[in-house]
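K.L.:
The primary structure of each chain is shown beneath.
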Amino acid sequence: MISDRVKSNLKRTFGESLLPKLGLVLLVVILVMAAFAPVLATHDPTRTGYFHENGGPYPPPGFDYTTTVAADGEIGEVQITSTSEHLLGTNTVGQDVYSRFLYGARVSLLVSLFGVTLASLIGVPFGLIAGYYGGRIDDGLMRLADVMLAFPALVLALALIGVFGSQPIRVPDPIVAAGLAPGMPPSIPIPGSVTIVVALVTWVWFARVARGEALSIRNEAYIKAAKSFGTADWRILLKHVLPNSLTPIIVLATIQMAIIILIEASLAYLGFSGTTLSWGYEIETGQDVLRTRPWVAMVPGIGIVLVVVSVNLLGDWFRDALDPNIEGSERGA
Amino acid sequence: MSMAKFLLRRTLQGVFVIWGVVTVLFGLRAVSPGDPATLMLGQGATQELIEQVREAEGLNEPIHVQYGDYLGDLIVGDLGYSWQSEREVELMVIERIPATIELAVAATVIALLIAVPLGVVSATRRGSPSDYSATLFSLLGISTPNFWLGLMLILLVGVWYGIPYPTITPGSSFPVGIGLIDLPTGRRGAGFGEAVMALLRDGSVDQLGLWVKHITLPAITLGTYFTALITRLTRSGMIDELGKPYVTATEAKGLPGVLVRYKHVLRNTMIPIVTVLGLQMGTLMGGAVITETVFNWPGIGLRLISALGVRDWPLMQGIILFIAIMFVVINIVVDALYTYLDPQVTIE
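Going line by line, the protein sequences match chains A and B. Its first residue numbered 1, the first sequence is counted upward by one per residue in the numbering used here. Its first residue numbered 1, the second sequence is counted upward by one per residue in the numbering used here.
Please note that the accuracy of each hint is not assured.
[As the list claims (entries may be wrong)] Just a few of them, taken from the derived set where beta-carbon distance is under 7 Å, the chain A residues facing chain B:
{"#": "1", "residue": "V147"}
{"#": "2", "residue": "A150"}
{"#": "3", "residue": "A153"}
{"#": "4", "residue": "L158"}
{"#": "5", "residue": "A159"}
{"#": "6", "residue": "L262"}
{"#": "7", "residue": "A265"}
{"#": "8", "residue": "I283"}
{"#": "9", "residue": "L290"}
{"#": "10", "residue": "A297"}
{"#": "11", "residue": "G301"}
{"#": "12", "residue": "V305"}
[Said to hold, decoys possible] Chain B side only, calculated, beta carbon under 10 Å to chain A, not exhaustive:
{"#": "13", "residue": "G14"}
{"#": "14", "residue": "G20"}
{"#": "15", "residue": "L28"}
{"#": "16", "residue": "T293"}
{"#": "17", "residue": "M316"}
Read the hints as simulated data drawn from the structure, not as lab findings. Glycine included, every Cβ here is placed at the ideal spot set by N, Cα and C.
With the hints as constraints, model all of the structure from the sequences given.
P.N.:
Written out as C-alpha cells, the structure is:
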C-alpha cells in the first residue's frame, strides 16, 4: 500500500528536521492525556462548586486576585490565592479547570478523528468512482463540489447544526467502567451531530483529491491489463486504484483534521456544541469574565493551539515527504 | 477564446452554483425541525392564527410549489421578511454589508503587507533566525482559533499599556490603552465612508482616527490566519522559483539580484497566491462571522449568528446567499486576473 520510496522519504525528512519530532511527541502526549483523562484528572470535570471560602473561583498560580466581601457588617478586600488542590484554578461555576482541560482533549480528538474518517468514507468512494468512470458522474460530482465550495465551511456547518441539532451521544467510559477511576463521570459525551456536520462540510475535499488520483491512474498500463483479463470494475477500484491513491489522501486527512478541530471549537464557542466539555465552550464562558478571571478562557485555548500545531506539524512532514502539491491542503476553517 | 466569451461562460457557471446554493438552503429549511408559522408568531399564538399564516405564506402548498415560489421571489430580488423582526431581508443584509467588507478588506491588506515581505525574507535567507521566526509565526498563525486570538489580544493590549486586566471588557466600545493608541475592544465607530466624507467636508481626521482605532483589533484577529497562510505560500513559492534555471541565468548575465528577486521571482510567486486568496474567500467570511461575534462588530456575521439563535430562516438564507454570491464573483475576478498576471495562461 505504502511504497518503499514513500517510507524512505518519510524517514529521511523525519531525521532532517526537528519539527516532525516535535509534532509527534506533542500528539502522543495529547493522545495519552485524552485517553487516560479519568485517571489523570484530579476532580470530576462536571462537578461544580469548588470555590474559595471567600466566594470566588480559585485562580491558578500567578493569578491571585482580591475581591470585596461583607463580613460582620463591614465591607473589606480579601485576597484570593491559588491552591495546589486545583492546579489550574476553577472556572466561573467552580469546576476544576485542569480536569476539564484533559476531558476537552477527548472531545477535540474524538470529533476530529471520527469526522475525518466519516468524511473520507463519503468522499473517497465518490471521488474514485467519478474519476474512474468519468463522463456524467464526474461532471455531476464536480458541479456539486463547486456548490459546496461556495459555502464557507463554518457557515455551512452552522446551517447544518440548525437542522441536526447538537445533542451528544453518551457512551460508557471504558476506563471508569473498568474501575480504574472511581468518582469520574461514567459516560463520555460524544457530539455526534457535530461529527456528522464537520464530515458533511469536508468530504468534498476528499472526493476531489480521490477523483484526481483515479483520473490519472485509470489510463495506466496495469489497469488496462487488469481490464483485459475481465476483472470487474469494483475489484480494480478496490485492489488497484484505491491503494495507489492512498498517499495524497493521508496527507489531506491530517490537514483536514486540523481544520475540523478548529471548526468544532468555533461551533462550541458560538454555543452550538454537543457538550459543555468542549474547549470552545469553555472559552465562551471565560469571555464574560475575561477581565477578572482570564485563565478560564486562556487554558482551553492553549489546548486547541497545541493539538492543531501537532497535527499541522505531522501534516507538513507527510506533505514534504510524500507530495508537495495536494489540492485542498492550504485551506482553513 | 476571447475574454468576453470566457467571462460569459464563467458567469453562467456562477449562476449554476448560486442556483445550487439556493436549492441546498431551501432543502435545509424544509427538513429543519420547527413549524415556520409558529416560529414567526411566537409560542402564544392561537391555532387559528397559525393556520391563517400558514395559508398566507403558502406553507400548505406542496413542497415543489413552495420551491418554485421561492425561486421566483429570488429572481425578482425578493428575499422575504425576517420572521423575527418582520423587516425586509434585503435591507437587513445590505445595511450590514459595509462593516463586513471593511473588516475583510482591512484583514486582507494587513495580511498582504506583512506576509509577502516576510515570506520573501524567509525564502531568500533560508535557515537564518528570521526564517525560523517566520516559520514559527506562520505555524502558530494557522493553528490558533481566531476567536481565542481576539480575546488574548484584548488581554495583551491591556497589559501592554500597564492597565490591570480587571478594567477590560470584551465587546464594549470602552477603549483599552491610553491617549492616542487606545483601542476599543468592540463595536464600530463611524463607517469608513462617513469618515472619509467628514475628512473631505470639514478636513477633520477625528472620524477616520476613530474608525482606525475600532477596526485595529478585529482586523488583526481576522487577518492573522491569512498572514500566516500567505507567508507559508510566499516562502515555498519563492524557494521553488529561486531554484529555476532562469534565475541563475539572469543573475549570471549581471542583472542585480534584487531586481531579479522582486521583479521576476516574486511576480511568478504571486500567481498561485492570488488563486489561493480567491478560494480562501470562504474561510475569510467564516472567520468574519466569528471575529464579529468576539468584537461585537455590526456586520452580516453577527447578524447571521443572531438569526441562527432564533432560527430566522429567511434572514439566514439571505445572508448565506450573499456570502456565496460574493465568493462566486470574486473567484471569477481572480480567474480573469490570473490571465493578466501570467501571460502564458490561455483561457480555455
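K.L.:
Against the structure shown, which of the earlier numbered hints fail to hold, in ascending order?
P.N.:
Structure breaks no hint.
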